[in-house]
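K.L.:
Just need the whole structure built from these sequences, with the hints factored in.
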Amino acid sequence: MSRKFFVGGNWKMNGDKKSLGELIQTLNTAKLDANVEVVCGSPAIYLDFVRSKMDAKLGVAAQNCYKVAKGAFTGEISPAMIKDVGVNWVILGHSERRHVFGESDELIGQKTAHALENGLCVIACIGEKLDEREAGITEKVVFAQTKVIADNVKDWSKVVLAYEPVWAIGTGKTASPAQAQEVHDKLRAWVKTNVSEAVANSVRIIYGGSVTGSTCKELASQKDVDGFLVGGASLKAEFVEIINANHLKPPSPHPLYY
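Position 156, counted from 1, in the sequence shown is what full-length UniProt numbering calls 156; the numbers after and before it change by one each time, with no gaps.
Bear in mind the hints are in silico, worked out from the structure with no lab data behind them. Keep in mind that the hints are not guaranteed to be accurate.
[Claimed, not checked] Cβ pair distances, simulated, as ranges: (1) Glu241 with Lys147: 31 to 41 Å; (2) Ala144 with Val85: 28 to 38 Å; (3) Ser2 with Thr193: 18 to 28 Å; (4) Phe73 with Ser214: 38 to 48 Å; (5) Asn118 with Glu241: 30 to 40 Å; (6) Gly102 with Lys223: 27 to 37 Å.
Model, not experiment: these values are computed from the prediction. Think of the CB as a built atom: it goes at the ideal place given N, C-alpha and C, for glycine as much as any other residue.
P.N.:
See below:
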């Protein structure tokens, strides 16, 4: 059995009931590849609305959560609250949380542990900035970020790793298919060495960074690209095309990929 293709939509701080309702209707009625797992990341205030309107076969994610169950943490939401409205996923460690809001690797690790302990599945984001890529330290950065996440994971079946080069998010730049495959391959090798071969073979590593209808098919064809985390394009009708991009993906020739 190959890794099930995974497409996440990160709506970020966008939309209202009217526009999101229209988007949900488009997704509910579209012909989507049944072999793709789809999860949409909604603004927190609309999680209940989105989950109530979205077809049950489509998943919903919160875009963030805190590291404890409850308390005097104004403006935060907990995994328990997310679960209480029927939502089963959360996006953690997104570059905007790291670089706009100053979240540390340590905090992201703590959030990951608490989310998993409380029954949420996690889309865990990692990725380097432009100056880090140009300095030749991409691997050092993404391996360090991955280690903090891995140290807080007991059940890898509940985790999707999202490689998002920061320089390609919202810029219109996309890592080339070869660049994405290279980092995904090295990440999988890191997981094999530092976690286990079984986890390396089964964990889904998805790509995020200005994925569009025009770039998705070639990216999907890469052996170690198991899906996407889509930003702006997930708010448009072309999200359907991106979800269905996996039709052209050849089966992995590697006998250990199951």
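K.L.:
Are the hints correct? Go through all of them and say.
P.N.:
Hints, one by one, checked against the model:
Against the hinted window of 31 to 41 Å, the Cβ-Cβ separation of glutamate 241 and lysine 147 comes to about 35 Å, which satisfies the hint. Between alanine 144 and valine 85 the C-beta distance comes to about 34 Å, which sits within the given range of 28 to 38 Å. For serine 2 and threonine 193, the hinted distance range of 18 to 28 Å is satisfied, since their beta carbons lie about 22 Å from each other. For the pair phenylalanine 73 and serine 214, the beta carbons lie near 41 Å from each other, so the given range of 38 to 48 Å is met.
Checked against the hint of 30 to 40 Å, the C-beta distance between asparagine 118 and glutamate 241 comes to roughly 35 Å, which is consistent with it. Separated by about 35 Å at the C-beta atoms, glycine 102 and lysine 223 satisfy the suggested range of 27 to 37 Å.
The structure fails none of the hints (numbered hints given earlier).
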